[in-house]
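Undergrad: Sequence:
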Amino acid sequence: MLTMKALREADCAQEVLATAKAPMPVDQLLISLKRLHSDGDYSDLTIVCKEKHYQVHKCIICPRSGFFAAACRGDFKEAREGKISLPEDDPKAVELMIQFFYHLDYKINAVGTASGDKKLTPLDKETDPLPPCQSSDVKVDSTLMIHAKVYALAQKYLIDDLKTIALRKFANYASRDWNRESFLDVAEAGYELTPESESGLRAAVVETFADHPSLLGKQRMKDILMNADGLAYDLLAYISRTGVFKEIPSTGKSTGKRRYKEYEENDDFYGYL
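Residue 0 is where the sequence shown starts when you use numbering that gives the first Met the number 0, and the numbers rise one by one after that.
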């Protein structure tokens, strides 16, 4: 026969177990943010890009973006109407920016769209799904380009945390996809999308070329060096500062860090300039 003491102890154990299974306060907050993103409840601001309308919340968007904070402050048209239009921006990048505001991350899967909604993704992983990216017309080879556009969008709208995440994702993808033809398109676009004073994305592009100088021998490289304002100078400045390449251009074989002067003796080297 159970005593009153035993019953109280059993009730206490069940309460402890239930508490252990309950979401932590931070998790509950993130779940609430996700719900606000998916449902749009209590929205007090609309962001418009092309045909898409995003119902968002000033209290979530403005503290993390200097641009949106300024647009919603004072007697601006955007503040009065509760609508901000972004007609010149890439719709895929805008959608991922909105996703970041509510999920603290964004995700592009292998075919260029985000997958189902289960949990938040760690910053360095591309496996855990986030809500679907609804923008269409995204190709596999454009994944790296989208990360570059998200970075440029974060720079434009003063979202420092998104810049950090986008740059990390860009560098991770570039380290494995550098030999795709699309990387040269991204390198050129990276310089077009960012001002000279914005060194993060440009530095990632230059370091990829330095890590894989065989890229300099590709047929399109001369045109890119001519068109991407500042890229040729940045490459030379990087080589001058570090004094290293990580591959021999004529073979493409990894050699570890080598001094730049050693390549002056390589007859094939000048073919890459």
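Don't read these hints as lab results, they were simulated from the structure.
The structure presented is a predicted model; accordingly, all values stated were derived computationally and were not measured.
Each residue gets a CB set at the ideal place from its N, CA and C atoms; glycine is no exception.
Fair warning: there could be bad hints in the mix.
With a Cα cut of at most 27 angstroms, we get these calculated DSS-like pairs of lysine-lysine [to be verified]:
hint	residue 1	residue 2
1	Lys51	Lys76
2	Lys82	Lys51
3	Lys76	Lys57
4	Lys76	Lys155
5	Lys33	Lys217
6	Lys33	Lys51
Derived CB-CB ranges, DEER-like [stated by the list, open to error]:
hint	residue 1	residue 2	range
7	Ala78	Lys51	18 to 28 angstroms
8	Ser37	Ser196	18 to 28 angstroms
9	Glu50	Leu28	28 to 38 angstroms
10	Tyr41	Gly73	35 to 45 angstroms
11	Ser239	Tyr41	46 to 56 angstroms
12	Asp176	Gly81	14 to 24 angstroms
13	Tyr232	Glu80	41 to 51 angstroms
14	Arg34	Gly216	29 to 39 angstroms
15	Thr241	Ser42	22 to 32 angstroms
16	Gln54	Arg167	21 to 31 angstroms
17	Glu50	Asp210	32 to 42 angstroms
18	Ser198	Lys76	25 to 35 angstroms
Undergrad: Next step is simple, just say for each hint if it's right about the structure.
TA: Hints and how they fare:
no.: 1; hint: Lys51 with Lys76; result: holds (20 angstroms)
no.: 2; hint: Lys82 with Lys51; result: holds (12 angstroms)
no.: 3; hint: Lys76 with Lys57; result: holds (15 angstroms)
no.: 4; hint: Lys76 with Lys155; result: holds (20 angstroms)
no.: 5; hint: Lys33 with Lys217; result: violated (44 angstroms)
no.: 6; hint: Lys33 with Lys51; result: holds (19 angstroms)
no.: 7; hint: Ala78 with Lys51: 18 to 28 angstroms; result: holds (21 angstroms)
no.: 8; hint: Ser37 with Ser196: 18 to 28 angstroms; result: violated (37 angstroms)
no.: 9; hint: Glu50 with Leu28: 28 to 38 angstroms; result: holds (32 angstroms)
no.: 10; hint: Tyr41 with Gly73: 35 to 45 angstroms; result: violated (23 angstroms)
no.: 11; hint: Ser239 with Tyr41: 46 to 56 angstroms; result: holds (55 angstroms)
no.: 12; hint: Asp176 with Gly81: 14 to 24 angstroms; result: violated (41 angstroms)
no.: 13; hint: Tyr232 with Glu80: 41 to 51 angstroms; result: holds (44 angstroms)
no.: 14; hint: Arg34 with Gly216: 29 to 39 angstroms; result: violated (52 angstroms)
no.: 15; hint: Thr241 with Ser42: 22 to 32 angstroms; result: violated (49 angstroms)
no.: 16; hint: Gln54 with Arg167: 21 to 31 angstroms; result: holds (29 angstroms)
no.: 17; hint: Glu50 with Asp210: 32 to 42 angstroms; result: holds (40 angstroms)
no.: 18; hint: Ser198 with Lys76: 25 to 35 angstroms; result: holds (34 angstroms)
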